[in-house]
Every structure is written in C-alpha cells, then in structure tokens.
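6 protein chains.
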Amino acid sequence: MTLICDLKAQENIKAQYLCKYKQVLKNKNGKDYCTVKLQDRTGIIDGKIWSLHSGIMPFEVDDIVSVEAEVLLYQDNLQLSITKLKKAEASEYDLKNFIPHTLKDVEQLETELFTFIEQVQQPFVKKLLEDIFYDEGIYQEFLVHSAAKSVHHAYLSGLLEHTVTVTKLGVSMAELYTGINKDLVIAGCLLHDLGKLYELTNFPKNDYSDEGQLIGHIVMGAEFIHDRISQIEGFPKELEMLIKHIILSHHGEYEYGSPKRPKCLEAMIVHLADYADAKLKMVEEFLRTTQGDDIYAGYHKILNRNIRKVNL
Amino acid sequence: MTLICDLKAQENIKAQYLCKYKQVLKNKNGKDYCTVKLQDRTGIIDGKIWSLHSGIMPFEVDDIVSVEAEVLLYQDNLQLSITKLKKAEASEYDLKNFIPHTLKDVEQLETELFTFIEQVQQPFVKKLLEDIFYDEGIYQEFLVHSAAKSVHHAYLSGLLEHTVTVTKLGVSMAELYTGINKDLVIAGCLLHDLGKLYELTNFPKNDYSDEGQLIGHIVMGAEFIHDRISQIEGFPKELEMLIKHIILSHHGEYEYGSPKRPKCLEAMIVHLADYADAKLKMVEEFLRTTQGDDIYAGYHKILNRNIRKVNL
Amino acid sequence: MTLICDLKAQENIKAQYLCKYKQVLKNKNGKDYCTVKLQDRTGIIDGKIWSLHSGIMPFEVDDIVSVEAEVLLYQDNLQLSITKLKKAEASEYDLKNFIPHTLKDVEQLETELFTFIEQVQQPFVKKLLEDIFYDEGIYQEFLVHSAAKSVHHAYLSGLLEHTVTVTKLGVSMAELYTGINKDLVIAGCLLHDLGKLYELTNFPKNDYSDEGQLIGHIVMGAEFIHDRISQIEGFPKELEMLIKHIILSHHGEYEYGSPKRPKCLEAMIVHLADYADAKLKMVEEFLRTTQGDDIYAGYHKILNRNIRKVNL
Amino acid sequence: MTLICDLKAQENIKAQYLCKYKQVLKNKNGKDYCTVKLQDRTGIIDGKIWSLHSGIMPFEVDDIVSVEAEVLLYQDNLQLSITKLKKAEASEYDLKNFIPHTLKDVEQLETELFTFIEQVQQPFVKKLLEDIFYDEGIYQEFLVHSAAKSVHHAYLSGLLEHTVTVTKLGVSMAELYTGINKDLVIAGCLLHDLGKLYELTNFPKNDYSDEGQLIGHIVMGAEFIHDRISQIEGFPKELEMLIKHIILSHHGEYEYGSPKRPKCLEAMIVHLADYADAKLKMVEEFLRTTQGDDIYAGYHKILNRNIRKVNL
Amino acid sequence: MTLICDLKAQENIKAQYLCKYKQVLKNKNGKDYCTVKLQDRTGIIDGKIWSLHSGIMPFEVDDIVSVEAEVLLYQDNLQLSITKLKKAEASEYDLKNFIPHTLKDVEQLETELFTFIEQVQQPFVKKLLEDIFYDEGIYQEFLVHSAAKSVHHAYLSGLLEHTVTVTKLGVSMAELYTGINKDLVIAGCLLHDLGKLYELTNFPKNDYSDEGQLIGHIVMGAEFIHDRISQIEGFPKELEMLIKHIILSHHGEYEYGSPKRPKCLEAMIVHLADYADAKLKMVEEFLRTTQGDDIYAGYHKILNRNIRKVNL
Amino acid sequence: MTLICDLKAQENIKAQYLCKYKQVLKNKNGKDYCTVKLQDRTGIIDGKIWSLHSGIMPFEVDDIVSVEAEVLLYQDNLQLSITKLKKAEASEYDLKNFIPHTLKDVEQLETELFTFIEQVQQPFVKKLLEDIFYDEGIYQEFLVHSAAKSVHHAYLSGLLEHTVTVTKLGVSMAELYTGINKDLVIAGCLLHDLGKLYELTNFPKNDYSDEGQLIGHIVMGAEFIHDRISQIEGFPKELEMLIKHIILSHHGEYEYGSPKRPKCLEAMIVHLADYADAKLKMVEEFLRTTQGDDIYAGYHKILNRNIRKVNL
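Chains as they are written, first to last, in the working numbering: chain C, 1 to 312; chain Y, 1001 to 1312; chain X, 2001 to 2312; chain W, 3001 to 3312; chain L, 4001 to 4312; chain V, 5001 to 5312.
Rather than coming from a laboratory, the hints here were simulated on the basis of the structure.
None of these values were measured; they are calculated from a predicted model.
For every residue, glycine included, the Cβ atom is placed at its ideal position computed from N, Cα and C.
Treat the hints with care, since some could be wrong.
No more than 27 Å apart at the CA atoms, straight line, and that leaves these computed lysine-lysine pairs for BS3-like [stated by the list, open to error]:
| hint | chain 1 | residue 1 | chain 2 | residue 2 |
| --- | --- | --- | --- | --- |
| 1 | W | Lys3237 | L | Lys4205 |
| 2 | X | Lys2022 | Y | Lys1301 |
| 3 | C | Lys149 | C | Lys205 |
| 4 | W | Lys3309 | X | Lys2237 |
| 5 | W | Lys3031 | V | Lys5037 |
Quick list of simulated restraints, FRET-style, between CB atoms [to be verified]:
| hint | chain 1 | residue 1 | chain 2 | residue 2 | range |
| --- | --- | --- | --- | --- | --- |
| 6 | X | Gln2023 | L | Val4106 | 55 to 63 Å |
| 7 | X | His2300 | L | Lys4026 | 27 to 35 Å |
| 8 | W | His3300 | Y | Asp1105 | 54 to 62 Å |
| 9 | W | His3300 | C | Ile44 | 25 to 33 Å |
| 10 | W | His3300 | L | Gly4179 | 39 to 47 Å |
Facing chain W, according to a computed beta carbon distance under 10 Å, are these residues of chain L, among others [as the list claims (entries may be wrong)]:
| hint | residue |
| --- | --- |
| 11 | Met4241 |
| 12 | Lys4244 |
| 13 | Cys4264 |
Isolated chain C (complex conformation) (with noise of 0.2 Å):
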C-alpha cells in the first residue's frame, strides 16, 4: 500500500498524489531542484526532486501526479525522493482518493436531510426546498462540497454533514420553545450555507472565488434563494423576506459579517445551532488530529486558549 500513513522509511514506491506546493529552488551549484508537498485522504509528505531530467514531466499544484520515488527518513520526518513525476490524466483517478472526507457514513446525512424536507409542511417552503435539493445540477455539488477554506468541515462532504448537523440541532432547539415555525427553522438550517457552493471553488483548490471575495457566502446565499423563488409562482413575499432574513443574520452579529442579526426566534435557532456546530467541529477536529499523550492537546489559535482532552 502507498497510502501516506502507512509509507515507511527505505522503500521504493510508486504512486498516485495530489500536489498542493511546489517550489523550484536551486542549489549551491546553481542548478535547479524542487520541493514539493504531496497529498492523499489520509495525510500530507514533503518531496524533493533533485534533478530535473527527462523522466519529470511538467506540472502544477493541484494536480494530480504519478509518482516514483523513494522514502527517506530526514530529521525524523519521512520525506519522499522524487526520481520520475507525471501528471495524471482525469480519467486515471478518483479525486475522492486525495482529499480528506467526512468521517460520517454519507448515505445517512443523505437520508436524513431528505427526512428533513419532507417534514416540512407549508407548501412554498416545500417547494422551494425540492426545487434546490432535487435539481441534480446543484445536489451533486452540494454532496461533495466542503463548508470551509480550512478550521472546520474543510473535507469533501464538509458542508452536507454541517447542514444535517445544524438542522438536527436546531429542531431540537425548536422543539423546547412554544411559538416556533419549525418549517421556518429546517428551511434555514437547510439552506443557511448554500452560498458557500460558490464562495468556495471546487476541491481539489478548495479557495475563495472572487465572487467569494467580492460578495460572500452570505449575501450570494440569499441572492441565489431569490433566483429560485422568483421562478416559483404566487411565493408569498414576506415568506421570501422571512428566509432571506434567516441567511443574511445567520453569524448573529454584524463583526462576523452578517448585515442584519436574528430578529426573529426562527433566525436566533438557525445562527445558535450553526455557531454550536462551528466551534464544537473545530475542537473535535483538532482533539482528533492531536498526536501525543498529553492531557492537554495544545494551544488553539482561534479559540486563543489550550485545550484539554478528558479521560476519565
């Protein structure tokens, strides 16, 4: 097996990885060599390529390369020893084989999102819910994509778990207070971070698109719901308002950038249940990706403070 967790030191390989750095550098000779940082589902490896002859082929980041090469150990790190490099035609491999992926079964966040739409009662919502959800186009994406540049759900299918984990949590939030619309409630949670299938470009780049920059995830969610309403006839305005309200105030205030905060108590479960999910993903993550045997798992830089695994 190649896959990078389980490369040891002295062997011979060849293999199949996705680049994400390459840098050419030269030598005290001043002749060329590259460095390389090469990628699969399971972890990350430093490459070198020492000379830069024929049998390397060129290249770019984000491409998918077949590899030969041998591994070395260097200052207790493996490191890989490119001899022959090639990229990749599509048809060679499975983008899914080089990219982290949620760890959740998919099949069931797809099931219970689809649960999810079809509790839903009010007849527009429903429409609007199937419209989005059952247009293939969008779905496909939507399946994979993730629901974040790096921090949290960063991995294929990151932004179908954050949407089921969302919308779980808030219908449960829901159900503990009287006067909730909870059709309201699935329809935000379900929809509150679609503009982030277009914030963010397509794995294996996984980065801010200039709309992202220039418009946000935010406000191109809520103008992509008014696309689709204005094509469903007789949907109630207000009701339009009511949705777009619930994305546009979905990070609660105005610092993390939305231009309205939650008015309503549909709006306030929506952003509660998104910032729950947000910052107990981004510590499970990193309690998971900690190696070491200390009880605490190190310092956090968003969070700015240590954290502390418990075993009791």
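With chain C fixed as given, assemble chains Y, X, W, L and V onto it according to the hints.
Structure of chains Y, X, W, L and V alone, referenced to chain C:
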C-alpha cells in the same frame, strides 16, 4: 374572582396581593397618602391609599396584604382605591399565588431531572448528583427558585425549568460528536447554575444577596460543589477540577464574568446550551408578554434590536 | 399666513397640518381629551383638543388635517387649542407643504445627476444607469425620497441631494489618484443608497419598512441591481460583481452593517465619500437648527461631543 | 547604467548606493564576512562582502558607498558580490538619487501650495501661512520631507504631496456645505502635519526622532504654531485656539492619538480629507508596487484584507 | 444659623446663598413665577418665588443673592418660599462660604507641596517648579482651583489636594523600584494637572472654558510648561521633552485623551498615581455623601457597579 | 569559575547546569546529535552533543546535569561542545544556583511580611494570616515560589517580593483616604496571589499546573482561604465574603479574569497596588536586562510600545 388579570372597573373587591412597591407622599394640603404596586401571579396593578386611617394597618414591601378596594379606570389603566389594608399572616396564604411561575409542568420537569441523573454511569459523578438533588433542604429550594432577577426565567421554578432545558440541549449536542464524556455534560448542565440558589434570595424578594454581589453564582457554585465533594471519600481530584472548570467557564468569556473559558468539549457544550436557552427564552417571554397586533413586538433593550413575530 | 414658523399667540387660525402624534387621555373628571403634534415644512407644534365633540372628526397619525384653533402661550411655548378638526382629502393639499425638504435647488441637482451619467464611458455601466434613472417609476420616487429616517438628509429629496453630493466628492477623489476606474466610481456613488427607496417608506411616514428591517438597504440595493442587470443581455459577470461589491461594502466596516469591506480603490472612494457627506451634513444640519447665541451649539448625541460654531 | 532596476546577472559594475543594512557574520572557518542591503531610488538589492580585505573601507548604515561588484543570480534573485567598497563624500553624490521620491511634479505641487495660500482672505491666517512657508529654513525641509516612516508617502517630497492633496480634498468638501470658513480649512490642511518635519528625521534615516516618540507630530505641530503665532502681534487668541484645535483633532479619534476630537465643521473636514488621502494613497502604492498578473494584489496587513485590482 | 444643612421647617430666615439654577415659569393663570436652586458650602436647596414683585431684584445664575424666605416642607423635602431677593455685592461676602471645599487642612497641603519642591536635586527641575509655584499670580489660583467639573475633587482646593496626594503616591512608588529619577517623578506629579487652571473656569462657574474644550488640560499643561521653560536660560531640551512627555501621557491610554502613552518608568508612575487617586477619591466621596443605613451605598454610574460600605 | 556569565571561548570546563531544552536531530549522514539549552542563575547558553556515545548518560529537560565541554564561539555567540554529560543527584546540588532569584534581601522581605501581620488589629483577620504564614508547609513554598511564569517576578522568591511590595503600596494608599479598613487592606494584599502557589508548579518547571489551567489562581486562592477559614471557629461570614471578594476582584476587570470587579475601597486598593507593581516591575526588569547604549531599550511586546531609559 379577584385575580388581577380579571379585575373590571367599578368593582368593589376583597383580595390578597403581594406588595412590591410602597411610597408615602404628601398631597397639596400636606396630608399623607400612599401609592403602592400590588401583584399576584397573573399581573401587577397600581393602588392608592388616599387616607391613612385606622383601617390601614402597618405593612412593608414584600408583605402579602389583604385589601378592600374599588377598581377605577384612570388614564386608560385600572387602579385600586384602597379603603382597608392589613398584612396577612404566613398561615393565611400560599406564596405561589402571588408570584409568576413556570408555564411548564413541574412534575414532568422533576421526572426529566431525575431521569438524567439515572443515566449517569460514572459512580462518583452519580454520587455527587444524588447527594445534592436528594438532599431535601437543597431540593425544596431548587424546586421553586428563579434562575434570574429579571430578563428570563425570573419566576417560580425558573431554575428547575432552565436546568432541565439546558441539560436536554446539552445532551442533544453531546450525541452529535465523538469523544464526549456524556456523564460530565449531564453533571455540568445540572449543576451549572446551582450557585443561583444563594446568589438570589428566595421569593418574594428574588434579589441579589450580599454574597451574590461579592462572590457571584459562578464562584459560589464551584465552592458549593467543592464542599460537597470534600465529604465524598475518594472523589478523584481530576474529576473535581473538571466539574468546577465547567461551572467556572459556563459564561463562556471573561467579559461575562467567567474566570476561565471552556477548555474541553464538555465545558463548551454546557456553555453553548446555557447561552442558547438564555437567548431563546428571553425572546420567547418577550413575544408572549407583548400586546398588540403589530408584526413587530418592539425594541428589546438587552438584545438591542426590534423583535419580529412570525405568523405565517 | 399660517405657517408654523409664523404663528403668534392669541391668533385664531384655520390651517392644514400633518399630524405626527396623537394620544387620547382622561382628565381628572374622567373625560377624554386629546394631545397631538402637528407639523408643516417649517416646524412642529403641540395641540390640545379639550373636548371631543362633533366638530372633531376621526383622524389618524400621518393624516393631513384641517383645523380651527386658537394660538396660546403655555410655559414659554406656543400651543394650539383646537376647536375643529377634519381629515383632509388627498386632493385638497400638496404633501410637500407639510414636510421639510432639501434647501438645494432640485432642478440643479437633477442636472448634475444626469451630467454624471453622461460622463460614463463603459457602455454596460452607462446602460445600467440609464435603465434605472430613466425608468419613470423609479425616478419619481428617487426625486422625493429621503436618505434617512432622521439624523441627516431626512427630508424631501434628501436621497437626491445625498447621492449627488457623494458623487461629486467621489469624482473629486478619483481625480487625485492613478489607476482609478472613474466609471465605476460614478456608478457606485449614484447607486450606493438605492436600496433606501424601499428600506424607508414614502413620506409622510418615512419609517423603516418590514423589508428594510429584515434585509436592509445594503443588500436590497445589491439585489435590485442584480435583478436589473439580469435584464441586460451580455452584462459582464465581473462588472456585476464589482458594482455589487461597492454597494455591499459602502459602510466600510462590518460593525456598520456592511457584509464586505472595500477591497478595491473604487469601493474605498465610494465609502469615504459617503462617510464624509454623512458626517458633515449631520453637523451642518445641527448647526443650522440650533438656536441661541452661545458659541457652542450643544451636545451632539451621535457624535458624542459638543459642537462649536465658527464665527470669525 | 547601474540603477538597481536595470542590473543584470553576470555584469561587473561600479556604482554608488545607499547602505540601509549591514551585518558582520562568521563563516564556518571562523572568518568574518559581511551582508548588506543597498538601495537607490529605483529599488533595493542584497550584497555580500566575502572577504574584508583592504579594498573594503569603513562604512556605516545610511552612508552612501561607492562599490565595485559582480551581479549574481542566487535562488532566483540578483545579488551583488562586492569586491571594493568606499564611503562616498557628501560632495560626490546627490542624496535624491538614492531615495524614492514622489511621482508627481514637485514644481506643480509648489505652485498649488502657494495658490492656496493666496486664496486666504483673513489677514492673520494669511500672515501665519506666509511666515511659515516663506521661511526658507522651514520650506527647504518641507519640500523634501516624507509624510511617514512607511505605509504611505514615505518618500522624498511625500509631505508636500500629502499636504497639497489633503488641501485639495478639503477645499472640495468645503465648497459643498454652507457655513464653512474656507480660510480655516486651507490653513488647517496646510499645517496639519507640519509636526512631521521634526517627528521624523531627515532622509536618509527618515525614522522617529526622540522628540517624535515622546511628544509626537500632533502636539509638536500645535506647539510650533503656538511659537510662531506668539511672534505675530495682535494674533487673535480665538483664532490661535481654532487652528491648534484643528491640528490636535486631525486624527479624528482618541484611539488614533488625537487628544481632542473635531468639534467644528472645519476640523471635521481636515480630518476627513487627511483620512481619505492616507487610506487611498496606501492602496494606490500597494497596487503600484505589486507584481504578478493575479487579479488580487495580495493581503494588506494594515487594512487587514485582500486588495483587488480593477482592469475592466 | 442659616447654613443649608441646619435649616428647619417653619423657620423664617435671612441669608446669603449662591444661585446655581433659575427658571421663570407661568402658573395656570398665566402669571410668572420663578424656581431656583440655592447653594452654600454645606448643601443645596430648592426655592420658589411665587410673585415677582418689586422686592425681587434682578439676578442671574452664579450670583450670590441675599434672600428672605420661609422654610417649608414639601413632599418630604425642605423648600424655600422666597419673599425678598437681592443680588449681593462682591464686597458683602466671601465666595468660599458658598462652595464646597477640601476637607483636608489647606496649610498642611501647602507645606507638603513645598517640601516636595525642596527635595528636588536637579537644578533646572527645581528652578522650573519654583518659577511656577512661587509665581503669586499662578499660585493664588492654584490654591483654590478645583481638579474637575464633577466626579472627584470638584471643590475649592481640589487641585491642590489632588496634586499633593498624587505626589505622595508617586514618591511612594518611586522608592520601591531601582533606576527611578525621583526629581522627574516629583515634577511630573506636581505639574501633571496644571492645565486644569485654564481648562476649568474659576469658581463659582467651575465649568469648561472654550480653550478647555478645544485644546484640553493635557496639551494646555504641556504648552504652559513649554512657555515657562523658554524663559529659563539653558534649560536642557531633553529634560523639557521628558517633562512634557509625562504631562502628555498621564492619562495612560489614547482612549482617555493622552496623545502619547507612558514610555519611561517616571511617566508610568505619574500615570498610575493619578489613576489611583482619581478612582479612590471618587469612591471615597460617593461613600461620604451617601445617606441611609444600607450596606450598599448604591449604583455608581461611572464605575458601573454597586459600591459597598465596609463596617466591621 | 564556571558561571555562565563568566565563560570564555576556548576554555575547557566541568560544571553543573539546569537543562531547559533538549532535542535529538539527525545530521546529513543520518547520525543522531543533540542540541540543548543549559541555564544557571546568571544566564543561559546553547550546547551541542555531536556524538551520543557512552559518556552521555540519559537525562531529561529540567534535570540538573554535570557536563564536560569546550567553550566555542559560533556566529558571535558562545556555545558548549559537550563531551560528557550525566544527570546530577538531588544531593549533589542546590537548585537555587540554577534559577534566577529576587535581587532584594529575602530576610528583610520576610521581616516586612511579618511586621504587616503584626499590625493587624482584627483578631479573626490576624488569626487567618497567622494560620497561613506560620504554617511551615505553606510558608516554605511561599518563600521560594515565583509570582509568574514569565513577564515579571518569574524568579525565586518572586511571590514573596511581589506580595510585600503590593502590601507596602496598599498601605501607602490606605493612609491617604478616610474610611478604609486597614486590616482588610493588609490581609487582601498578603493573600491576593496565594493561589499562585498551586497555579504554577515549583521550580525548576515554574509552569501552569492542570489545576492552574482549569481553575486559575484567582478562584484557587479564594477556595484555599475558604477551606482555611472553615477551620477557624466563629470566623464571621461577612468577613470571609469580603476577603474572598478582594481576592476574586484583584484583577480589576472581567477581561483580566476577575469574576467580580472591586466594590469596596479596600478591594480597589488591593487591585490598584497589584496593577501598579505588575506594570512597574515589568518595565524595571525590561530596562535592567536590556543591553546597548541606545536611549531606547526597545519595543515591549506586552505594553505595545518602545521603552525609553532616563539618564539625566
């Protein structure tokens, strides 16, 4: 019936109410008169005692008083013109009739509370919860205490309702992530606001105690747990620290009075569940107590925004 | 003349005013009377209707009413004692007489507006501006709308005046630096507050609409532009994104409700021009409406400081 | 030619440069070598002196040095291998060749400056401006000084360019509102950063002076004006206070080092004009000095965002 | 005795007070009457002039007035019903009787002040202090001036008391650390608030002057020192800068109006001593002027918290 | 002598040092070598163990090690080339020789500490202080503990020095105001940082303990006092609350980790004294450890400004 919500202009009534405000003033002829606010569990009403004759017996704020009065309409509001007033004896009334209480079924809340305790596996955690909630002296106060002076859950059994709702939310969250110690989440949720038993005085006052102002429910709760644990032989030091950490960090940020911020998933969950219930209950109560048909319920001072109803 | 600024004590008048406030109260004998605030374009005055006899016909806030009254002096202020009052028909008055309006020459502002449009070179930008400002339905509203509920430009043609001034400032800035796309600056300035047409209702109300509260003029303006552009064949996607980015970022910072901060020079110019006009107009109006000879005009609550006149 | 922007690998050159950095290090054999950074008005380049023989004469940072060297390519960047180096005498060079300067026409900036002074009507304001800008000792420094250590206008004649641009912007604003004293606006704009003459040392250092660190250009400017005014007989006290107020408040907010916030329209205009020029120049320079074809020029650390080019 | 603190209901009095407030109103019959607030050094009392007959002579706010009146009890508070009133001549009274003053012994404060000056070793520092504090014109104002408009030390000799206390605290701190220039600490403490002599007008007004509002005591103090130093031949420039730096930075942070933050130990000490005295005096005065037996003195608006007495 | 401050290049030494850092690396031939940092009370030095032969015995970070080495000069810094290394036994050394310690006289600090305790009048306060400081187990740790991990007082007896200095400052303040309970001030100052005994582990580690991270010295100190007081019969509840309040509020603001802000004069004094000592000591240490002749000691990261020396 003489419930405040049922009073009608021109009636002559005999009734018992809780006095929440009292001021003696002088009229233009230099004669004393007295203005009061009287409350029962259904509302609050202004009263005037125009003449302090012998039928008006000594009384103080927070006394239950038996009054005879005429109901008048003054500037669109009802008002009592009180002709007789006497402080009632503790034996003559049930305090619960004069104070707003939870709208939920208290017995069901109790059942849910003890069901959570039963779910706990870790023997020391379970022992601690049982020692506290099976202690009649504590439990009887816990059953009726409020969870706040105002804003949200500021009514009889408010602490019970808040505690159970936070625990439900916390357990919902715990089930969505891996690596969570559910026992700690349950214990943290059930104990997080226990310090409020002593931060706020009992009804009818329900106001900050001296200890509440100097120490606060966060540290008082941690100290209470510390004292209880010190009576359980063999209670693990690490477990004590984690439970106290959850209590100390449950406001989430220093600015909100927590001397520590949540450092483990369990502490984050207790904080997020508490935060969500506080916000949602605040708006739910605001919407319920707002009158009028306007789609906007009005400006919420703490949330600093207009709150909108949703009637689709 | 019965302009409010010209009224004198002891006069008996017949006049039309706009009712901005109305409350029915009870006097000490339990009889209803009514207190109102009446406004024309020159000022505002308190009125009392001491007896609700048959000469007082039904009316509501924001109605124009014809009144007969005596002008009285009460505690150093004039007040109307109203004896007859009747709601006026729309055909009987011109709303402009009852609402403050811009002090600038509206025709000149219009000329300046269209001169800016003519200067635009880029054909799609020009087409978009023409489609909007030559659309009579939009333009007639734009001509009279206010630019705010209060604080600055909260008067007839306030939006026109603000838009033209911001464009002048923006063009002045654009000429001082290199590499600026002047067409984008003009378009951004002319369109930046278009969403206010629908965020604020028309006069005499001039208050936030439901959509204004839920979505806000920033996103409403971007969505409006989006819908208009979708009807122009071949409109470049990048150009649409840049125009929407300028509108979305024109408040400059997240805290002021912009979901994006300005990322290109053109967006920064529109923001800086808008910011400068808002601040300066606010103080200009404050100084103009302040009475008295003190060199200090008084404390300005929004700017949080005393404002000083300069009379050298 | 030996301008840094024109150097090519493999050349042998003789040239003069400004030394901005110097460090003596030891190689593995314990022998000293020296690494330097050399600058002229077109750029900056690394240099190495591998052997400190007699051809390398004593020199310090901020000296102009005459060098003989070979141009080499090292890791994609040019580098000088220096074989001879000698400090140049002040008579041998013109400092302006070694420091970046304004891209604007200095003579035209001067003409604009004096045209503004001529427009002033108030005799004492005019006298003060003439006393300062016709004082050769001051004016010659003003002509070449920078307006900042870095970030924006940190080049020869930067202070002149910034001052003239702010005055243009300020006068544009003054003409759009009523009740503005234009003389005060002109004086405020021309004098607002005069303290920078002494807060920053002259080129080539262009770094904070001790007085700059302890007192700062805002208070230094006000004190300088105070001293100058005290030599003009009969200068009105109120006028002095207003000019000093404008200088003291030109950063707009306490957080930015202004001990007073603008309290009159004239002070607000000077602040807004200064603020706009600082922001826009910062981005204009950032865009001009960015290389590469990407539509995004990169992340701007002070503005804390990506900056986008507009090429329509 | 007619000190306000000694008045009793039903007395007829003749007395002199300082008028701090005056408003002419109309009664229901359209007749003028007048409401005033009168003050002496022991308190403040409301007064009514029900009839503006010839015994009531012209007077203004901040005049000392001689009154004849009856003391009445109205709604639990004493009130004067004034029958005669005349403005007093400056020769007829001593202003000190009408304004609160320091509770400390002024002569002892003076002794302490000059003892500090004598301790100074550095001759230029000593010369500067002597030039200022031995200047009778300055010293006589310094002796009586307040240190604030309100909040703390807002009474006669408040500036003297504050200055001496800050110097004592500063010297205590200086003695605990090594490397402190004690002369600079003493000079900084004694001079830090000298600008208040001109920022606040003299009693009885004790309000912000125009210069105080435009320039502020921090910069005014630095400028005052600058002018004084310019008259001392040979005064070292570095020493002048350090003393001005201490004055300019004594509020500690930009947000509190300091254009520089303390950069040397001596400036930090002056700031910390000033900060401590302001906070402690504010609470000491709040506790002293609070009535009632409650252990809590009440809510302090500036400190934003309840203040508790300690009586052990 | 082999004190680190006395080492010279080319020496061969035998010495004992504290190992603060250790990393095993591989050289280009794949052979292990080891880089360490060694410390004594006078400084810190890098070391290399080029060959891990049998003369290099097992050791860990925070061990005291006996080494034989050659002192070399590498890139202007001294370095040890270690040829023998062995972990020292606890009996072979005195830890104090390897850790920086207070520059003050410890015996004098102890005398001052007990003099403060003797001054206390209130018998319960005195009893509490004596119970704690005469408890040998506690006192021996208190004598040597640091007051911080870094920044200020991070050395042997740092806690003692900080405690005594804060108490001196607190008593100085207490004497300047009326109505202060001096016993409470002394107790608050002496006890305020007692929690640091357990928040920071003992030297040589001096790092945060698990309890320190989860609970923090503020709450740990309050709990420690609570446990001690519970063993003193009759200790007044109010007195306990006040002492705990002082400890809990001594950081002054929520943002700095205090769950309560000071509500009485005594708590404010303890906070102000602690705040002043922390700030001043931080700068005093920074100035003392700065090398070079520049009048500016450099940029202080925590204070976020340049620090200037004063040498007059």
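Hints, one by one, checked against the model:
1. For the hint pairing W:Lys3237 with L:Lys4205, the CA-to-CA distance comes to about 21 Å; that is within 27 Å, so the pair holds.
2. At most 27 Å may separate the alpha-carbon atoms for a hinted pair to count; X:Lys2022 and Y:Lys1301 meet this at roughly 25 Å.
3. Of the pairs offered as hints, the one joining C:Lys149 and C:Lys205 holds, with about 9 Å between alpha carbons and a cut-off of 27 Å not exceeded.
4. Between W:Lys3309 and X:Lys2237 the CA atoms are separated by roughly 16 Å; this keeps the pair inside 27 Å, and the hint holds.
5. Distance hint between W:Lys3031 and V:Lys5037 is fulfilled; the C-alpha atoms sit about 26 Å from each other, no more than 27 Å.
6. A C-beta distance of roughly 57 Å is found between X:Gln2023 and L:Val4106, which places it inside the suggested range of 55 to 63 Å.
7. Range check, X:His2300 to L:Lys4026: Cβ separation about 31 Å, and the 27 to 35 Å hint holds.
8. Checked against the given bound of 54 to 62 Å, the beta carbons of W:His3300 and Y:Asp1105, roughly 59 Å apart, stay inside it.
9. Our hint of 25 to 33 Å for W:His3300 and C:Ile44 holds, since their Cβ atoms are close to 29 Å apart.
10. Distance hint for W:His3300 and L:Gly4179: a CB-CB separation of about 41 Å, consistent with the stated range 39 to 47 Å.
11. For L:Met4241, the suggested interface contact is upheld, since its CB lies about 5 Å from the closest CB of chain W, less than 10 Å.
12. The beta carbon of L:Lys4244 comes within 6 Å of a beta carbon in chain W, closer than 10 Å, and the hint placing it at the interface holds.
13. A cut of 10 Å between beta carbons decides the hint on L:Cys4264: the least distance to chain W is about 9 Å, and the hint holds.
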